[in-house]
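Here's the letter readout for the chains.
Number of protein chains: 2
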Amino acid sequence: MSNHDQDPSVPADGALVGDWNPHDVELLVEAGIFTLRKIRAASPTEPGKVGEFVYIDAPDWVNVIALTADEQIVLIEQYRHGIGAVTLEIPGGSVDDGEDRVAAGLRELAEETGYTGERVEVIGTVTPNPAILNNICTTLLVINAERTCEPVLDTMEEIAVRLEPLERVPELVREGKIDHSLVIAALHFLDFVDL
Amino acid sequence: MSNHDQDPSVPADGALVGDWNPHDVELLVEAGIFTLRKIRAASPTEPGKVGEFVYIDAPDWVNVIALTADEQIVLIEQYRHGIGAVTLEIPGGSVDDGEDRVAAGLRELAEETGYTGERVEVIGTVTPNPAILNNICTTLLVINAERTCEPVLDTMEEIAVRLEPLERVPELVREGKIDHSLVIAALHFLDFVDL
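Residue numbers (this note's numbering), protein chains in the order written: chain A, 8 to 202; chain B, 8 to 202.
Watch out, some of these pointers could steer you wrong.
One copy or any two copies: either way a pair holds, since identical chains are not told apart in the list.
Once the Cα atoms are required to be at most 30 Å apart in a straight line, the calculated DSS-like pairs of lysine-lysine come out as [unchecked claim]: (1) K184 x K45; (2) K45 x K56; (3) K56 x K184.
Just so you know, these hints were derived from the structure itself, not from any lab.
Please read these numbers as outputs of a predicted model, since none were measured by experiment.
With the rest of the complex left out, here is chain A:
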């Protein structure tokens, strides 16, 4: 155990942090899928200290760990234009305005892979990047997933479905074959679940 005998809610160095007071949100630019907003915010610790910060206003995201009855995970391969390479990921996408996040995850799973499942649960939630994004990403676990329909892809989406034994997943992460941070975070939540 630890020799750290202070209240863990008190920072070790006694420094103060707290919520800044944001104001004057303005739309900076809309470009492609990005909406950038600029905000002015006042420090809670230093009166008069005000900064300007730019962040991406994004819809919430959802990703899905879908497992077949024989313990395979449903993965997808697609070219990603940010990194400029084909990646190996779990299915996922954005939650539409007013859409339930579980419904969104099941919709993305079906659209991208043609798989549906009989049991679904939320196993975790992350902030994809709290410094630059204002959204959250929810991870769903879908059990007894089966291919029941044809994928429905957007014009610019080219996706291949690839099944892998669940037991191979740690090796795929260690080898860097799976390297998307949101996918690895999702797989981390799976470690907390009794399958």
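We have chain A; now place chain B onto it with these hints.
Coordinates of chain B only, in the frame set by chain A:
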């Protein structure tokens, strides 16, 4: 085991995916820390299909799991303007132009927390978001970390250092106290390390 007897490098549905041919990269906007670029790219599977895609051109990032001799992890609390809340994270930041990523991680650790360490290794690398970012994030493990200097913070940075027993970390993730995807991915890599 699996009844999946095909070559795992062949997608289960036989669909083709491949590298798109990017061209005509243009600077779209520079705003705050964001540089947005627009690219045109041609599909490898459908002749004549060309799309336009916007991504964030970002420096590489690095984050650091620093452990003290008595198995505490060095965490930081700070207000994050994207999500608009105080978060609990591991130290980290951007790799400067021309800077070595290990040097960058040790610099960020010292600047944000005042901790330095005697052993350091790279334990993993992720793409923070291959769809919208072109960068990678490297995770360092620093062993026998000690507070040896004063933090050096930027004007707008307010950071509190907080030590937690390493064994409490899974609970902090499960409870959502730690919810930054890059931090959770870093902690996932720690599971692969013999400490």
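We went through each hint and held it up to the structure:
In this assembly of identical chains, K184 and K45 lie within 30 Å of each other by CA distance solely across copies; the values are 27 Å between and 36 Å within a copy. Taking the shortest Cα distances, K45 and K56 sit within 30 Å of each other inside one copy (17 Å), while across copies they are farther apart (35 Å). In the homo-oligomer, the alpha carbons of K56 and K184 lie at most 30 Å apart only across protomers (28 Å), although the nearest pairing inside one protomer, at 45 Å, exceeds that limit.
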